[in-house]
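Participant: Please model the complete structure; the sequences and the hints are all you need to start from.
Just so we're aligned, residue -7 is where the sequence shown starts under this note's numbering, counting upward by one.
The hints are simulated quantities; they were obtained by calculation from the structure and are not laboratory data.
List of simulated lysine-lysine pairs, DSBU-like, C-alpha gap at most 30 Å: (1) Lys26 to Lys59; (2) Lys26 to Lys47; (3) Lys26 to Lys90; (4) Lys90 to Lys59; (5) Lys47 to Lys90; (6) Lys47 to Lys59.
Computed beta-carbon distance windows for the label pairs: (7) Asp75 to Tyr52: 17 to 23 Å; (8) Ala7 to Ala66: 31 to 37 Å; (9) Asp68 to Glu6: 34 to 40 Å; (10) Gly8 to Tyr60: 21 to 27 Å; (11) Val51 to Gly(-6): 15 to 21 Å; (12) Val63 to Ala(-5): 21 to 27 Å; (13) Ile88 to Leu0: 18 to 24 Å; (14) Asp68 to Gly8: 37 to 43 Å.
Glycine is no exception: its CB is placed at the ideal position from the N, C-alpha and C atoms.
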Amino acid sequence: MGAWADDLGLEHSEAGDDEGRITFFADPAGALTKRLDMEMTHSGPASVGIIGRCKRFAVYAVNGQVKYVAVSEAEDDPAGDSDPSATLPPAVLDGILKLNDEL
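Facilitator: Encoded structure:
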């Protein structure tokens, strides 16, 4: 995860770094993926050897409380590869802003 943050030029992305705005977390065993019910159960990935893949999703959480979840998936595109727009920054930021407007 650190290499991904470095590639993007992000600083302070480690868990527990209070100066950061984005925190990257790895889920190598899929525990969080399963707990959030974001495990992709479609047969497509498994048919090519990808076991336990998570759905394409974004979570906005504040102090451990999930405030907003976005998932990119469709019946004919379970991985959200053809249309990931629901989990891209513009849509996620829009969802967060709308959520904040409701408060």
